[in-house]
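S.K.: One-letter residues, chain by chain:
There are 2 protein chains.
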Amino acid sequence: MVYTDLNPPSRTLLGPGPTMAHPRVLRSMATPLLGYIDPEFHKIMDEVQELLRFVFQTSNNLTLPISGTGSAGMEASLCNFIEPGDHVVVGVNGFFGGRIAEIASRYGAEVSCIEKSWGQVFSPNEIESALSKKPTKMLALVHAETSTGALQPMDGIGEIAHRHDALLLLDTVTSLSGVPLKIDEWNVDIAYSASQKCLSCPPGMAPITISDRAVEIIRQRKSKVANWYLDLSLIEKYWSDSRQYHHTVPINLIYALREGLRMVQEEGLEARHSRHRSMAELLWSGLESLGFELHVTKEHRLPMLTTPVLYSKIDDAAIRNKLLDDYNIEIAGGFGPLAGKVWRIGLMGHSSRRENVVLLLAALGDLID
Amino acid sequence: MVYTDLNPPSRTLLGPGPTMAHPRVLRSMATPLLGYIDPEFHKIMDEVQELLRFVFQTSNNLTLPISGTGSAGMEASLCNFIEPGDHVVVGVNGFFGGRIAEIASRYGAEVSCIEKSWGQVFSPNEIESALSKKPTKMLALVHAETSTGALQPMDGIGEIAHRHDALLLLDTVTSLSGVPLKIDEWNVDIAYSASQKCLSCPPGMAPITISDRAVEIIRQRKSKVANWYLDLSLIEKYWSDSRQYHHTVPINLIYALREGLRMVQEEGLEARHSRHRSMAELLWSGLESLGFELHVTKEHRLPMLTTPVLYSKIDDAAIRNKLLDDYNIEIAGGFGPLAGKVWRIGLMGHSSRRENVVLLLAALGDLID
Chain S
1340 MVYTDLNPPS RTLLGPGPTM AHPRVLRSMA TPLLGYIDPE FHKIMDEVQE
1390 LLRFVFQTSN NLTLPISGTG SAGMEASLCN FIEPGDHVVV GVNGFFGGRI
1440 AEIASRYGAE VSCIEKSWGQ VFSPNEIESA LSKKPTKMLA LVHAETSTGA
1490 LQPMDGIGEI AHRHDALLLL DTVTSLSGVP LKIDEWNVDI AYSASQKCLS
1540 CPPGMAPITI SDRAVEIIRQ RKSKVANWYL DLSLIEKYWS DSRQYHHTVP
1590 INLIYALREG LRMVQEEGLE ARHSRHRSMA ELLWSGLESL GFELHVTKEH
1640 RLPMLTTPVL YSKIDDAAIR NKLLDDYNIE IAGGFGPLAG KVWRIGLMGH
1690 SSRRENVVLL LAALGDLID
Chain P
1340 MVYTDLNPPS RTLLGPGPTM AHPRVLRSMA TPLLGYIDPE FHKIMDEVQE
1390 LLRFVFQTSN NLTLPISGTG SAGMEASLCN FIEPGDHVVV GVNGFFGGRI
1440 AEIASRYGAE VSCIEKSWGQ VFSPNEIESA LSKKPTKMLA LVHAETSTGA
1490 LQPMDGIGEI AHRHDALLLL DTVTSLSGVP LKIDEWNVDI AYSASQKCLS
1540 CPPGMAPITI SDRAVEIIRQ RKSKVANWYL DLSLIEKYWS DSRQYHHTVP
1590 INLIYALREG LRMVQEEGLE ARHSRHRSMA ELLWSGLESL GFELHVTKEH
1640 RLPMLTTPVL YSKIDDAAIR NKLLDDYNIE IAGGFGPLAG KVWRIGLMGH
1690 SSRRENVVLL LAALGDLID
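If you're matching them up, the sequences are chains S and P in order. Numbers 1340 to 1708, taken from our numbering, label the letters of the first sequence in order. Numbers 1340 to 1708, taken from our numbering, label the letters of the second sequence in order.
Don't take every hint at face value.
Pairs count within a copy or across copies, as identical chains cannot be separated in the list.
[Unchecked claim] Computed cross-link-like contacts, DSSO-like style, restricted to lysine-lysine with a CA-CA straight-line distance of at most 27 Å:
1. Lys-1382 <-> Lys-1576
2. Lys-1563 <-> Lys-1476
3. Lys-1680 <-> Lys-1576
4. Lys-1576 <-> Lys-1561
5. Lys-1661 <-> Lys-1473
6. Lys-1382 <-> Lys-1661
Source of the hints: derived by calculation from the structure; they are not laboratory data.
Bound conformation, chain S alone (with noise of 0.2 Å):
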């Protein structure tokens, strides 16, 4: 076999991620490899917990990159503080909190799942109605739904959780850095996200971040971790000044990532977030325009993933391989019981601009006219 040189077409991708990665980001992966155990290298991981400290909105001083996809970061946020047994009660009003369910149970957790229908959000009060049925070591919820479009209000759970003493675990995923996420705050003591939604980056990094409650509850576990690989107790001491060997961390994604990060900062948090609402905006009404009604309530509706809803007109799958193999444009369809009813077209980071908004609307246009 002759295998040719790496060429693939140009792509605007404006699906749920990956996002589109600034050239600065992917330029920064080209960049020669330190070791691991290199003190330029361990300088380089300091920034970047750092940044991820101001990104999460937190002090806590147990926040890194773990070396895998944001999938990795959610089963780590779980098997370090599960133990057989334990009651974890799960939102799931989307996909990802079902995958919650799923891992948690893997790890022996008892789940109780409060559902909704794909698209709605929790209420504080249905929350603590299912606290109060039985002590819970952890509540976990997903921030904003990449499944559904739909953006889970926080005020007043974490207060709730810890009320009932439970741990509060929040999804991130497509959150971070695309609209007001304060973990302290909001007294969160879990959270996880992924480096190829709002940040940017290419995929392979999970951000984690664990309160000092959280990691308490690590010090305290009676059975080791199942899983060796995310065990926090191991990962963290190559992430604190022993530098202690665990596994070799992905460099290049490393190098991305704190340049991904750097680019947050110098944006600012406040105008990446207006930035995301704007260009929203922009969509939604020009899809408003096409005839598209949106799925999620504008209440809680992201920014960052829309949802509209396909109409008869509609061919979901042929204008989205039009859009594909004509234009380069990369949307996704629905899942689980929005397959087919809903499309997800993702505005996060690079990605978020006027120009790609404009012309998806145009391709819209000529394909459903």
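Let chain S serve as the given structure and place chain P on it in line with the hints.
M.R.: What follows is chain P alone, placed relative to chain S:
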């Protein structure tokens, strides 16, 4: 805080990994992303699988890169096959054998370690004897021990394992593409490797290959794999025609892996092995001229990782620090029982070049005299 442009020093990486990545590999990572559902990306995945089968010398269908570092490959090779109570025999003659035993025990295996001092290898008789004691589900060996510099001979080992109805698991992290490795001919059932050793790609991917016999063990499991992220029955669905979503794979690391594998194919496996061998011999004779003995007997010595014994005149840390600070050369110290007793000098992949050997020997000559 102000974060400057990324500007790490240019190191010559001659430690146990990561190795230097070829400029072609580095450049490939700067290629703009495709989405993970893009048919053009699926073609790249198919090519990576074909190339991995070539470097592993196997026709195993289940051959793919795990989205994590070599240690994730190790864990995937254990957690998918072990169920609580299974008996596993592990050859421990270095650090990584010990790690296999630790991870296997986390999944409930009853582990029997056969031990040798660090730098020695196992004979077929020793393995036969260990397997004769009781029924064994899996025999795990390390092909190239990066902590010691020893190469485990594989003649007849596969036959012994299968005669005792045990799966043969082989750690090929440091051996893949550096020395002959014949998965099918040797009857190896499960092998994992890492991208950042002789393949000379950045860390973050763990190639793995599984025989049909071992796949059957996965199919017949009674319990779910405790580890969700590394569950091969889910991962394989994305790496086969159904392309069913499991996690977002690290697109750019897959670009890099494809380029690194393509370069192995261009060079040819035999030529690549010869290069590693001849550069190692150049290093060995140079080290001997500088007064070093080599820890591993020539018969079992790895070409890609050499462990010179530190004699009285050598100040371990002082010389390694000067190599790094004054010459930009990274080598590594010894581990565990070999700490302070040997260095670990790697000549892997793109690091295995005459100019690097000559430079290192000249620098050591400066520093020791």
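S.K.: Decide, hint by hint, whether the structure agrees.
M.R.: Cross-check of the supplied hints:
In this homomeric assembly, Lys-1382 and Lys-1576 come within 27 Å of each other (Cα to Cα) only inside a single copy, at 15 Å, whereas the closest approach across copies is 39 Å. For the identical chains of this complex, Lys-1563 and Lys-1476 are neighbours both inside a copy (17 Å) and across copies (23 Å), given an alpha-carbon limit of 27 Å. Taking the closest pair of Cα atoms, Lys-1680 and Lys-1576 come within 27 Å of each other only across two copies (24 Å); inside a single copy the shortest separation is 47 Å, beyond that limit. Within a single copy, Lys-1576 and Lys-1561 get their C-alpha atoms as close as 20 Å, which meets the 27 Å cut-off; across copies the closest is 35 Å, which misses it.
Within a single copy, Lys-1661 and Lys-1473 get their C-alpha atoms no closer than 52 Å, and across copies no closer than 61 Å, so neither meets the 27 Å cut-off. In this assembly of identical chains, Lys-1382 and Lys-1661 lie within 27 Å of each other by CA distance solely across copies; the values are 19 Å between and 46 Å within a copy.
Going down the numbered hints, you'll see the structure goes against just number 5.
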